[in-house]
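**Q** If you want the building blocks of each chain, they are given just below.
Protein chains: 2
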Amino acid sequence: MATSNGIEQLQKGCYHEWMSLQAKRIVDLKEALTTKDDRKLGELVGEIVDEFQKYTKKRSELSDRSCSSYFAPSWNSSLENSLLWMGGCRPSSFIRVIYATCGSQAETQLSQYLLKIDENIHENHGDGSLSDLTSVQLGQINELHMKVIEKEDKLSKKAANLQEDVADMPIAVTAYATDLVEAGVAVENVLDKHEECLGVLMAEADKLRVETLKKIVEVMTPVQAAEFLLAGKRLHVSLHEWGRVREERRFGCAHVDHAAAARS
Amino acid sequence: MATSNGIEQLQKGCYHEWMSLQAKRIVDLKEALTTKDDRKLGELVGEIVDEFQKYTKKRSELSDRSCSSYFAPSWNSSLENSLLWMGGCRPSSFIRVIYATCGSQAETQLSQYLLKIDENIHENHGDGSLSDLTSVQLGQINELHMKVIEKEDKLSKKAANLQEDVADMPIAVTAYATDLVEAGVAVENVLDKHEECLGVLMAEADKLRVETLKKIVEVMTPVQAAEFLLAGKRLHVSLHEWGRVREERRFGCAHVDHAAAARS
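Chain order of the listed sequences is A and B.
Numbering of the first sequence is given in UniProt numbering, commencing with residue 1 and proceeding in unit increments.
Numbering of the second sequence is given in UniProt numbering, commencing with residue 1 and proceeding in unit increments.
What the hints contain is simulated information worked out from the structure, not anything from laboratory work.
The calculated lysine-lysine pairs, modelled on PhoX-like cross-linking and capped at a C-alpha distance of 25 Å, are: (1) Lys154(A) to Lys158(B); (2) Lys158(B) to Lys157(A); (3) Lys157(A) to Lys151(B); (4) Lys151(A) to Lys154(B); (5) Lys154(A) to Lys154(B); (6) Lys151(B) to Lys151(A); (7) Lys158(A) to Lys147(B); (8) Lys12(B) to Lys57(B); (9) Lys157(A) to Lys157(B); (10) Lys158(A) to Lys57(A); (11) Lys157(B) to Lys154(A); (12) Lys147(A) to Lys158(A); (13) Lys158(A) to Lys157(B); (14) Lys154(A) to Lys151(B); (15) Lys147(B) to Lys154(A); (16) Lys157(A) to Lys154(B); (17) Lys207(B) to Lys158(A); (18) Lys158(A) to Lys158(B); (19) Lys151(B) to Lys158(A); (20) Lys151(A) to Lys147(B); (21) Lys154(B) to Lys147(A); (22) Lys158(B) to Lys147(A); (23) Lys158(B) to Lys207(A); (24) Lys157(B) to Lys207(A); (25) Lys40(A) to Lys24(A); (26) Lys207(B) to Lys157(A); (27) Lys158(B) to Lys151(A); (28) Lys157(A) to Lys147(B); (29) Lys154(B) to Lys158(A); (30) Lys193(B) to Lys233(A); (31) Lys233(B) to Lys193(A); (32) Lys147(A) to Lys151(B); (33) Lys151(B) to Lys54(B); (34) Lys157(B) to Lys151(A); (35) Lys157(B) to Lys147(A).
Okay, the calculated beta carbon distance ranges per label pair: (36) Gly184(B) to Asp165(A): 41 to 47 Å; (37) Lys36(B) to Glu248(A): 52 to 58 Å; (38) Met19(A) to Lys24(B): 43 to 49 Å; (39) Glu204(A) to Asp153(B): 18 to 24 Å.
Here a beta-carbon is modelled for each residue, glycine too, at the ideal position from N, C-alpha and C.
All chains should be built: construct the whole structure from the sequences, respecting the hints.
**A** Below, the structure is given as structure tokens:
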């Protein structure tokens, strides 16, 4: 169990390690996709899913009594934090990434075909990439989407109850009873319990994220799975960067240094 | 319309002004409650509700294309941000504050009566304070609670859709298509649109917060309304302070300065 002293530093370190790994995996996926070696691609996809599971385990260990940091991390831009759901992305957005990417690939292939830009279009089409998801695969993914949204809604409801509970006794009563804004043991215990519950929620949400990822990958060919992971990782890294740049603009000149310091 | 240059500074200034007013209003409410002057209490309650409405209007004006800051403000501790719903508290938590406060007052009165600590207990009981909510009032508040939760759920669903949409075209496709993590015009437009939608959501949530506050106050006597507002404001101020202290502990020694600077 981590002590609460400097725990945010450990959480931040864990996150930065994870983001470096993302950058490396983007390169690995691109390289592997050029080989079109199904065995190699399958192995890489398996490793990446395992890594994600390990990451969720690690941050769960770091969330003990300090989980609220994960619900709006200081290392994220406010854009990213506004997209956060239970300390991470919505599992349903994995599926939106599939739809967006496969739709755009199909569009590109069609326009290439129509404009006769790419003579190899017939060869490319049918190589098992995301645009070639079969109707059976799309059906399975759509079914998964519905189930995931249902599970997300259940977790959101739990989070709503948790938020409401804070306005309950003894918190509200302690606040009401005195002008001294010292928390006291009773309140500290309730706040510790609140963070513990947040930790349980995040772990459940992470479980749903990992499960969804695994089920998507199971439905796909190795090439499709690798393309999907590449799309997801690039989206994650891009949103982090775009948010950072927008925030720098928003802070204005006077605050660029502070913004940079807060992220360092 | 505010420019995006330094907008976060203006938002932060608006928030600090609001928090100073809360501290002042806590004193005003306490003073007015000792007078038991219904006319005076009624006026003060009216002013406070108006002030809240004006505050929501002001921050709505400051949220143009920069609303994501309000969904996890840098001026809040992570504890407070973990309790945030659409840039503020859940309207349903207003009602939880009523239940908690009136329950505790009734308990105190009962134990004072049983222990004969307070000889004036019979006089106090029935003075129209929160513990004296009639069954009709409690029925109205309970009905309001149900309606508010329903409306909250609808807004939460809208926010969920908004979050999923970001994983859609052209964002996902731009991210997928290139290693350059420059946003480009298409992406910037979508992100601006996203922040605009967040602004609309926050305005709808603020409308629900104001409406809920007004309906609660309508159901109550001036004394009850003043006690309720006092409880709510003290809870808000206390959570801000408790979160700050917990965060200082969490950042650890090395980060106390940064944490303080981020809040200054």
